[in-house]
Structures are given as structure tokens and as C-alpha cells.
Amino acid sequence: MLPIDDTRIRASFINATQRERASVTLPAGFADLDWERLDFLGWRDPKLPKVGYVVAEVGDGLVGIILREADGRIRTRPQCSWCEDVTLPNDVVLYTAKRAGASGRKGDTIGTLACAGFECSRNVRRLPPVAYLGFDVEAARLRRIEALRDHVTGFMQSVREGS
7 MLPIDDTRIR ASFINATQRE RASVTLPAGF ADLDWERLDF LGWRDPKLPK
57 VGYVVAEVGD GLVGIILREA DGRIRTRPQC SWCEDVTLPN DVVLYTAKRA
107 GASGRKGDTI GTLACAGFEC SRNVRRLPPV AYLGFDVEAA RLRRIEALRD
157 HVTGFMQSVR EGS
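Numbered by the numbering used here, the letters in the sequence shown go through residues 7 to 169 in order.
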């Protein structure tokens, strides 16, 4: 991911009001982020524990969405639908996002299971276990990185299609 500044981040949110955009709290350590190791920028709001933000490059532009952690607990240990990490190194929660535009203003939402702290970029970069003799772990890791980008982009487009 290419480095972005706070002004572009705030302007990127497609499912937020002007007031919500202005009140976005940037992630801790924002100035020191390793942008080359991020496929998207995702973080939780320290002031609003149930709120998360995701910003990604979609097509030629930057798209941001505001997510809310759903109330209640999932009965079984879910798998993140973005990184699809099977080792479950962190919690996965159900996030909902208001759709963009008129649909969102009417209350339409879309949900996804994602890593609670948006650790997906780190998860897909770990080398997977050797599945069989001759298994190319580096190629598998690169496929996981590309799949993560596709999954995040697909979700962002689903939020945008609501407009």
C-alpha cells in the first residue's frame, strides 16, 4: 500500500457523514506505519471500542469504510473471511458496515467476519506450513497476500454498491 495522509484518509470514507469523517481518530503510531507490509489500513477507534475503520486502494482510488462490531458472541471460533487464516492467532468478530449512499441512509448494512484488530496483513505474510514434499511456501504466501487484497476490495465494492 502507498503511504497516505490523514486528509486523504478522512476524505475516503464512503459510508460516513461529514461529522463522522471529522471525528475519525487515526491509528496509534500512524507516522511510523510500514506501508509496504500493509494491504489495507485497518484500526479500531480507541475512543469508541466497537468502531473500526478500513481504508484500501480500490481501482484507481482510495476507499474507506466505517465498521461496527456486532453485539453478541459467535458460538464457534470463526475464520476471518479476509485473510482466511486457519491457525486463528487472534480473535475474529462480525463487523457490519452501513452501505454507501441512499441505501445506507435507509439503514441497509452488510457484514463480514474479520480479524478483531485487522491483523490480516500480518497473518498472510507468515509462511504457511509445508503441505507436501515440494510445496512452494513462498508461492503460497504470495497467493494469500493476493487473496487478501481481493477479499478486502470485494467487500469495499459491496459497501459502495449500496449507493
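Misleading hints may appear alongside valid ones.
What the hints assert, rightly or not - In silico lysine to aspartate or glutamate, EDC-like type, Cα no more than 20 Å apart, as pairs:
#: 1; residue 1: Lys56; residue 2: Asp114
#: 2; residue 1: Lys53; residue 2: Glu26
#: 3; residue 1: Lys112; residue 2: Asp97
#: 4; residue 1: Lys56; residue 2: Asp77
#: 5; residue 1: Lys56; residue 2: Glu125
#: 6; residue 1: Lys53; residue 2: Asp12
#: 7; residue 1: Lys56; residue 2: Glu26
#: 8; residue 1: Lys112; residue 2: Glu26
#: 9; residue 1: Lys56; residue 2: Asp97
#: 10; residue 1: Lys53; residue 2: Glu90
#: 11; residue 1: Lys56; residue 2: Glu75
#: 12; residue 1: Lys112; residue 2: Glu167
Please keep in mind that the hints were generated in silico from the structure rather than gathered at the bench.
Structure-based check of all given hints:
1. Lys56 with Asp114: Holds, at roughly 19 Å.
2. Lys53 with Glu26: holds, 13 Å
3. Lys112 with Asp97: Roughly 31 Å separates the two Cα atoms, so the pair is violated.
4. Lys56 with Asp77: holds, 9 Å
5. Lys56 with Glu125: holds, 16 Å
6. Lys53 with Asp12: holds, 18 Å
7. Lys56 with Glu26: The hint holds at about 14 Å.
8. Lys112 with Glu26: holds, 17 Å
9. Lys56 with Asp97: holds, 14 Å
10. Lys53 with Glu90: violated, 28 Å
11. Lys56 with Glu75: Between Lys56 and Glu75 the Cα gap is close to 5 Å, so the pair holds against 20 Å.
12. Lys112 with Glu167: holds, 14 Å
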